[in-house]
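Colleague: Which chain is which? The protein sequence lines are Y and P, in order. Start counting the first sequence at 1; every next residue gets the next number (my numbering). Start counting the second sequence at 1001; every next residue gets the next number (my numbering).
Hints are all accurate, no fakes.
With the Cβ distance kept under 7 Å, some of the chain P side facing chain Y (calculated, not the full set):
id, residue
1, Val1077
2, Gly1312
3, Cys1346
4, His1383
5, Ser1446
Example chain Y residues on the side facing chain P (calculated, C-beta under 10 Å, incomplete):
id, residue
6, Ala382
7, Lys418
8, Glu437
9, Thr542
10, Leu549
Hints were generated in silico from the structure; no laboratory data involved. For each residue, glycine too, the CB sits at the ideal point set by N, CA and C.
Below, each chain spelled out in residue letters.
Protein chains: 2
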Amino acid sequence: MAKKILIIGAVALGTKAATRCKRVNPDTEITIIDQGQFISYGGCGMPFYISSEVDSINELRATSANVIRDPHFFTHVKDIDHVKIRTKALEINPQEQYVLTENLDTGEKEKLFYDELVLGMGSHAIVPQIKGVGLKNITTIAGLEDAEKIRTHCEKGIRHMVIIGASFTAIEIAVGLADMWNIPCTLIKRSKRMLPNLVSSTVSDMIRHDLEEAGINIVAEEDVLEFAGDDEGNVCEVVTNKQRIKADHVILAMGVKANYELAEKAGLKCDPKYGVCVNEYLQTSNSHIYAGGDLIAIKNLISGKEMHLPMGSLANRQGRIIGTNIAGGNPQTGLETFPGVVGTWCMKMHKGTVAGTGLNEDMAVKAGFDAVSINMEQLDRAHFYPEKHMMTLEVVVEKKTRRILGMQGYCADGTAVKARIDTMAAMLQFGKPTLHELSIAEVSYSPPLASAMDVFNTAGNVADNIVTGLGEFIKPAEFDALFEARDSNNYVFVDTRAGQAPLELCKKYPEYWLNIPLERFNEDMEKIPADKNIAFICNSGTRAYECLLKFKRGGRNAVNSSGGMQAMKKRGKKY
Amino acid sequence: MAKKILIIGAVALGTKAATRCKRVNPDTEITIIDQGQFISYGGCGMPFYISSEVDSINELRATSANVIRDPHFFTHVKDIDHVKIRTKALEINPQEQYVLTENLDTGEKEKLFYDELVLGMGSHAIVPQIKGVGLKNITTIAGLEDAEKIRTHCEKGIRHMVIIGASFTAIEIAVGLADMWNIPCTLIKRSKRMLPNLVSSTVSDMIRHDLEEAGINIVAEEDVLEFAGDDEGNVCEVVTNKQRIKADHVILAMGVKANYELAEKAGLKCDPKYGVCVNEYLQTSNSHIYAGGDLIAIKNLISGKEMHLPMGSLANRQGRIIGTNIAGGNPQTGLETFPGVVGTWCMKMHKGTVAGTGLNEDMAVKAGFDAVSINMEQLDRAHFYPEKHMMTLEVVVEKKTRRILGMQGYCADGTAVKARIDTMAAMLQFGKPTLHELSIAEVSYSPPLASAMDVFNTAGNVADNIVTGLGEFIKPAEFDALFEARDSNNYVFVDTRAGQAPLELCKKYPEYWLNIPLERFNEDMEKIPADKNIAFICNSGTRAYECLLKFKRGGRNAVNSSGGMQAMKKRGKKY
Chain Y
1 MAKKILIIGA VALGTKAATR CKRVNPDTEI TIIDQGQFIS YGGCGMPFYI SSEVDSINEL
61 RATSANVIRD PHFFTHVKDI DHVKIRTKAL EINPQEQYVL TENLDTGEKE KLFYDELVLG
121 MGSHAIVPQI KGVGLKNITT IAGLEDAEKI RTHCEKGIRH MVIIGASFTA IEIAVGLADM
181 WNIPCTLIKR SKRMLPNLVS STVSDMIRHD LEEAGINIVA EEDVLEFAGD DEGNVCEVVT
241 NKQRIKADHV ILAMGVKANY ELAEKAGLKC DPKYGVCVNE YLQTSNSHIY AGGDLIAIKN
301 LISGKEMHLP MGSLANRQGR IIGTNIAGGN PQTGLETFPG VVGTWCMKMH KGTVAGTGLN
361 EDMAVKAGFD AVSINMEQLD RAHFYPEKHM MTLEVVVEKK TRRILGMQGY CADGTAVKAR
421 IDTMAAMLQF GKPTLHELSI AEVSYSPPLA SAMDVFNTAG NVADNIVTGL GEFIKPAEFD
481 ALFEARDSNN YVFVDTRAGQ APLELCKKYP EYWLNIPLER FNEDMEKIPA DKNIAFICNS
541 GTRAYECLLK FKRGGRNAVN SSGGMQAMKK RGKKY
Chain P
1001 MAKKILIIGA VALGTKAATR CKRVNPDTEI TIIDQGQFIS YGGCGMPFYI SSEVDSINEL
1061 RATSANVIRD PHFFTHVKDI DHVKIRTKAL EINPQEQYVL TENLDTGEKE KLFYDELVLG
1121 MGSHAIVPQI KGVGLKNITT IAGLEDAEKI RTHCEKGIRH MVIIGASFTA IEIAVGLADM
1181 WNIPCTLIKR SKRMLPNLVS STVSDMIRHD LEEAGINIVA EEDVLEFAGD DEGNVCEVVT
1241 NKQRIKADHV ILAMGVKANY ELAEKAGLKC DPKYGVCVNE YLQTSNSHIY AGGDLIAIKN
1301 LISGKEMHLP MGSLANRQGR IIGTNIAGGN PQTGLETFPG VVGTWCMKMH KGTVAGTGLN
1361 EDMAVKAGFD AVSINMEQLD RAHFYPEKHM MTLEVVVEKK TRRILGMQGY CADGTAVKAR
1421 IDTMAAMLQF GKPTLHELSI AEVSYSPPLA SAMDVFNTAG NVADNIVTGL GEFIKPAEFD
1481 ALFEARDSNN YVFVDTRAGQ APLELCKKYP EYWLNIPLER FNEDMEKIPA DKNIAFICNS
1541 GTRAYECLLK FKRGGRNAVN SSGGMQAMKK RGKKY
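Excised from the complex, chain Y in its bound form (with noise of 0.2 Å):
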């Protein structure tokens, strides 16, 4: 008799697993159960439709070929036995093997029996409890219905849209609203920093500024007290512990978490932050049951630790592995295994694009390393060829043993900074990479794509040079509070950089900026005052480095802002 297999939730995860295990092993009968209307769908592919990059909302549920995913797909074109939507779970008897289910729509009640058991309920949107959250033009971002309310809002006219929260997709909205429609957008956060658990503070700087340059209002540090509305129910401001501001759109993309309820009660075991614990297998804590995707806690393999990490591609690749797993296994090598994530990442912005992979700093420091993140600036390509981009990288290391915890990176030429963290992201699967690891990581190089010594390389060869104590170094915001405190700290700032703006900061700051380009410090070294602090900037940081090891060799000593200007500009700081 064909092996009864039930699957819960039909996005990402169930749909995959219940193809995957079809193909391996025919000889299954299918069930998958979803209680939403649409079914298999690109959920990261909302703020693109939101935005009109996406022109249908049936481009989110299309096959490649441009087939809509429905169940008559499923069942007619990928063989699966049974689809049933508006279909929800009751509960799950895992001694009986059973899940008690509801038709939405009729409400016919049905146990299904299986014998092998997948979990793909995914998440929730994070709602807050407050005065007037239930008004209407406030919506979740949790699925296609709500994608579609907003757009239609956003075809009629939206002249003050709040988002509330930070998250990659909050951000990729408040983008797409500001780039294709105008709509002047003010994004609410309770943290002062961008992404505070992903970046260091210098990466949230870029962030925040490339938001700010595409004229999205950032409001940080504030929290939403209530919502009020007008005559006719609708939201028409928010009200945070420091202001009133005006909205006639809400959108909550305050996070998500796992929808564990109903695995919890049936006793399998669960993280209460994070979700179901599962194993490498991806069985949950009874061996018939398999979960993946948003519904689970993932271990992190550098800190150890678990962690929630709701992302589509995730649930794309648990969805094979419990596929072949159910099925029987891979006909040659068995079970599948999910050893655990480092956390990679990507979000393309207004200008630029930023993404991770490993701990950032203050996650690293928190996961007990003593570690330290050092940023950089580089081209991504050789800097003889026309087309080039200034790429910013930052390393956090593990300062005792060298090793690699993170890395983070900011460039205009998104997929430029993606095949860095990438590269890194391999690394760190598959090894405790070191900084000598870094500094020669055989990446490809060519004029056009690369640099002979890559940003990728240098990174680690910055790194390097600071954690054995070449080069004292301070990040960008710790040169501006420098500079904001000269009148009191006795400090003056040598810019290396040859040219014309450096002069002209010497005129705007006669008595604390000082010029001495690197090709004349040899000469003009003795020019630096003996009795003041000094710190170097350049443009990017490597000609302050090289000066502040001449520096030293004259028997004193300084600091280097990393990054130089070229992080300035970024992070929106003029000089």
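Chain Y is already provided as a structure; the job is to place chain P on it using the hints.
Modeller: What follows is chain P alone, placed relative to chain Y:
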């Protein structure tokens, strides 16, 4: 007393070693000699100077801050003690630790003593010893002087350019001449395939088609026998074993060979085919003599065999290591190592970029692996995102262990294919990745930059299916051959695409071409004649794979043309 460092060669490796050494340990006395006029230039940029994408030759000699890297720069800015150009090394004496040198302008000879010696003599262009090779307007592409000659001749006007060889440089120059100067260019090569040691026949076909689309005339499998000249001693024809080809300029780009004669004479261990042998510290068989860059034989970490990989990026990375080591090692971690290479490269052409890492199928078989190479096609971004490109990836696998031995790719977006190849390069450097590890490799995802199941992961899935025996595949050229022989081999070709294109092919080949779209396959599969051999094809290979599985469940077998019509199109093959 300061340690005396002597460095022979100042193009890439030598200057990098010198400047790094000085930064780590200023208490060294460093002398660099070079027989040329120009030092420290971006040799890999020459094709882009010839094409005029790079305006002035000085851009290849300048830092990113536009300072020319001449001897004065190295002595005054980089604090290198002595830089002697037009100075040739005549003899290395490892016993007495000196190098005998000759000033090429004055003829003066001098013994330069050293504590540590660095060999960075690079390589020379291979010049065929055939009749007429000394004619005017026949140039190698070994240095800036050559590049200037070619560019000057382009500016004067060339009607017929012939390039002998099909190295990266040869192809880059041909593309530049075609795209930027509109100069008709013939590329003559001995082998049948393009880059035969680096890519498969499928990717080779794509390279050839890309170049032909640029108007480049590719003459393969011919031997150049002699060059004919006019009355003034200018080259005017290239004579091969099959034809005479007009030429008013000829570029010899037949590859390079390491300049290891001096090292060999000094008794240092050399590989006659590849160059000077070094250990992981980049020391030659004499521990006071280091070598790197184009000069050395280097270990391929996958095949375990020595090879020659003359690339500016390797010279730079190795130069830094040598610089650290001759300085006495990293102050914290000691001597640094360079374990070898996996062989990673990329090249921008006319419409697309080709890139690769590790072994291709032929090299893998030569190295003793039971290998198979599997090509596939998928978009580089979410299929619903407006900007996207069809990417080719080819995975080379050891069948029994499923270990990945290499990956090559082709895509209109060069950085997108570089991203995937560099990620695989990291996997190859840091482990022995399997197909399963490729399937679940964690790469960053967002619709504007990747697919939820990224082309990188899908390449693993496709290869996994084939190695497991789920889907029988044939290479595009094998499909071509089956179709060519259709009058005698009893084959029918089943096109599983929807839409108009397959219907037209059915009309064109009524006896041989059948259209059964995936969506109707369950119902219409019985129309496939029972007494015929069957080859499936679709747009990219995916739909045909699903049909193939359905067909097998029905008790029959068939083959699937990998990469489908997309691979055919990139190869310039029309049906």
